[in-house]
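2 protein chains.
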Amino acid sequence: MTRLLLTGATGFIGRQLVAALTPRVDVHAVGRRPAADGDGVRWHQADLLEPGAAAQLVQAVRPTHLVHLAWYAVPGRFWTAPENVAWVEATLALLRAFAAAGGGRAVLAGSCAEYDWDAGICREDTTPLRPSTLYGACKHAVDAIAERWHPADGLRIARARLFHLYGPHEHPDRLVASVIRGALAGEPVACTEGTQVRDFLHVGDAAAAIAAVALSDYEGAVNIGSGERSTLRTIVETTLAELGAPDAARFGARPTPAGDPPVLVPDVARLRETIGWVPSFTLASGLSDTVRWWRTAATEARRRPSPG
Amino acid sequence: MTRLLLTGATGFIGRQLVAALTPRVDVHAVGRRPAADGDGVRWHQADLLEPGAAAQLVQAVRPTHLVHLAWYAVPGRFWTAPENVAWVEATLALLRAFAAAGGGRAVLAGSCAEYDWDAGICREDTTPLRPSTLYGACKHAVDAIAERWHPADGLRIARARLFHLYGPHEHPDRLVASVIRGALAGEPVACTEGTQVRDFLHVGDAAAAIAAVALSDYEGAVNIGSGERSTLRTIVETTLAELGAPDAARFGARPTPAGDPPVLVPDVARLRETIGWVPSFTLASGLSDTVRWWRTAATEARRRPSPG
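Chains as they are written, first to last, in numbering that gives the first Met the number 0: chain A, 0 to 307; chain B, 0 to 307.
Excised from the complex, chain A in its bound form (with noise of 0.2 angstroms):
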């Protein structure tokens, strides 16, 4: 049976990969805080930025697959964290000690980040890879080194490059997160003009094109996307009209960052066609279903007694 080593199983996409993959794969699950197994994940305490803590892992687990998601994403501090330079070395060791106890598969999390931001559509082979902050270069170096290391015979490695998502138990100082919350308070949402074309994709599937990148015998770079482009605009008007308050939005009253591209979406025709994927949600059911999200999780916020 394919036993799966996941990393940073407990965030944003770790949480909605679990329940891709189980019950038909063995997942173990690896994470700084201990957690109980249950549902078809057994969880493995492990702090990977620790020196032989992976190799440790892998020789307990033996997983035949690896999906690694663990790296530093914290909004507002990821993009410069010195933390991603850790996760670099922290990448290469866990890599060589799977490939060492006999791993066959691995999946890594790229970025769209590692492509140069002028280039506006991203493919996998063609568009230079010129990071423009500290957080594409260490996924850059990951993916550079991995695309011509051979640790083992017969490890095949897919880089899967993920672009702009959106879901349930997004950061709540996110995009689509801060829109809805913004709405649910019954406060005006401060945005830039909006003109940024993107492509925005539901986290459950990007979990499910990671579990099919994961479970497909792919050696290379894959974009991960929806294949829809929008504007933030868009993005922002649609979440609102779904919350019922189509007026809420101050386009403009934010300046728009220094460096933010005004197109940067992937070609996702490898994903569609190599890997054979496309995504169960539009990006109107994908907004509908977060919206739906959000507000059960407010009105369980109220229903909890407040604390002391």
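By construction, these hints were calculated from the structure, which means they are not laboratory data.
All figures in this text were calculated on a predicted structure; none of them were measured in a lab.
C-beta: ideal position from N, C-alpha, C; glycine also.
Just to be clear, a hint being listed does not mean it is correct.
To be verified - Chain A regions said to be covered by chain B (calculated; three or more residues, Cβ under 8 angstroms):
| # | region |
| --- | --- |
| 1 | 91 to 99 |
| 2 | 213 to 227 |
Unchecked claim - So the derived list for chain B, only partly shown, Cβ under 7 angstroms to chain A, looks like this:
| # | residue |
| --- | --- |
| 3 | T1 |
| 4 | L91 |
| 5 | L133 |
| 6 | A140 |
| 7 | P167 |
Unchecked claim - Here are the computed distance ranges between Cβ atoms for each label pair:
| # | chain 1 | residue 1 | chain 2 | residue 2 | range |
| --- | --- | --- | --- | --- | --- |
| 8 | A | G75 | B | P50 | 29 to 39 angstroms |
| 9 | A | E299 | B | G219 | 46 to 56 angstroms |
| 10 | A | A300 | B | T1 | 39 to 49 angstroms |
| 11 | A | G101 | B | T281 | 29 to 39 angstroms |
| 12 | A | A34 | B | R32 | 38 to 48 angstroms |
| 13 | B | Q58 | A | D172 | 34 to 44 angstroms |
| 14 | A | Q44 | B | P50 | 16 to 26 angstroms |
| 15 | B | P50 | A | Y71 | 12 to 22 angstroms |
| 16 | A | D124 | B | R155 | 29 to 39 angstroms |
| 17 | B | P50 | A | G101 | 45 to 55 angstroms |
| 18 | B | A99 | A | R249 | 20 to 30 angstroms |
| 19 | A | D259 | B | E82 | 32 to 42 angstroms |
With chain A fixed as given, assemble chain B onto it according to the hints.
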């Protein structure tokens, strides 16, 4: 006083760099094997591939400057050697430890193998970085991270991209050394057609250039080269003329390796104008010096009593 920690100090470039820096700089050299102090150099024994070794070393030495040359460079093996993945991790750990110990100035040894070899003439900021080899990918990984990483306030990093070298103590299997050895042995020298255009720099000049970069304030990438472009045929012919064996070459007797770029040379404007460094050898005088060194080495080898 400048206290400079040098890795790779017993290597091809490293031994010349010791000579170029002493006595004006307090040089602390690190190697895996023990060595005696002398001539303004203090030797430290450490294996930087061991976790924690870099931190322990820089805490003991407290260097102001770091020149990091130690990578895996065995001819015939280094292009694909997995040891260089470990050197990526070791390099990042060393840089972090150096910054944490108060270091202010670091020079990292990069390579022409980081560039897109279809580019021909390589310029630091405009030629795409698209390594063809694992070696190039490893060097590029460090380069991409170091460009955007600020492990400590006031740490200034230069990335020295080395092109082709020759000179005393070169590995006997590399181009110029093998031509000289063959001719000194009275053998015909099998070569490719030799139409490839390269920039060959005397290793003493390479060390002098790295010393100039280390003692400058320049932050960023800088090509290290002579600025003199030659075909391999000219390099071989000049070497053989110096040896009095002008007819020893057999051009075309070996196939040109697949993927060997027709032109791979640096633009050295930045080295000349920003760093203000120019080479002391021409190709002819550098090859003459190198032939003299090999003749002396051969004479000394004959003088030594044979073992057993």
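Each hint tested on the structure:
1. Only residues whose beta carbon comes within less than 8 angstroms of a beta carbon in chain B count, and the region 91 to 99 of chain A has 3; three or more means the coverage holds.
2. Under the rule that three or more residues need a Cβ within less than 8 angstroms of chain B, the assignment of the region 213 to 227 of chain A is violated, with 0 such residues.
3. Interface hint at B:T1: violated, since its Cβ lies 26 angstroms from the closest Cβ of chain A, which is beyond the 7 angstroms cut-off.
4. A distance limit of 7 angstroms between C-beta atoms decides the matter here; for B:L91 the minimum to chain A is near 6 angstroms, and the interface restraint holds.
5. For B:L133, the suggested interface contact is upheld, since its CB lies about 4 angstroms from the closest CB of chain A, less than 7 angstroms.
6. A least Cβ separation of about 4 angstroms between B:A140 and chain A falls short of the 7 angstroms threshold, and the interface hint therefore holds.
7. Violation of the interface hint for B:P167 is found here, the shortest Cβ-Cβ separation to chain A being roughly 32 angstroms, above the 7 angstroms cut-off.
8. Take A:G75 and B:P50: their Cβ atoms lie about 31 angstroms apart, and the range 29 to 39 angstroms holds.
9. Taking 46 to 56 angstroms as the suggested C-beta distance range, the pair A:E299 and B:G219 conforms, at roughly 52 angstroms.
10. The given range of 39 to 49 angstroms is broken by A:A300 and B:T1, whose C-beta atoms sit roughly 59 angstroms from each other.
11. At roughly 55 angstroms, the beta carbons of A:G101 and B:T281 sit outside the given window of 29 to 39 angstroms.
12. Taken as a hint, the range 38 to 48 angstroms holds for the pair A:A34 and B:R32, whose Cβ atoms sit roughly 47 angstroms apart.
13. Taking the beta carbon of each, B:Q58 and A:D172 are about 38 angstroms apart, inside 34 to 44 angstroms as hinted.
14. Remark: the range hint 16 to 26 angstroms for A:Q44 to B:P50 is upheld by a beta-carbon distance near 20 angstroms.
15. Checked against the hint of 12 to 22 angstroms, the pair B:P50 and A:Y71 passes, with Cβ atoms roughly 20 angstroms apart.
16. Roughly 35 angstroms separates the CB atoms of A:D124 and B:R155, a value that falls within the hinted 29 to 39 angstroms.
17. Judged by the Cβ atoms, the range 45 to 55 angstroms given for B:P50 and A:G101 is violated: they are separated by roughly 23 angstroms.
18. Roughly 45 angstroms separates the CB atoms of B:A99 and A:R249, a value that falls outside the hinted 20 to 30 angstroms.
19. The given range of 32 to 42 angstroms is respected by A:D259 and B:E82, whose C-beta atoms sit roughly 40 angstroms from each other.
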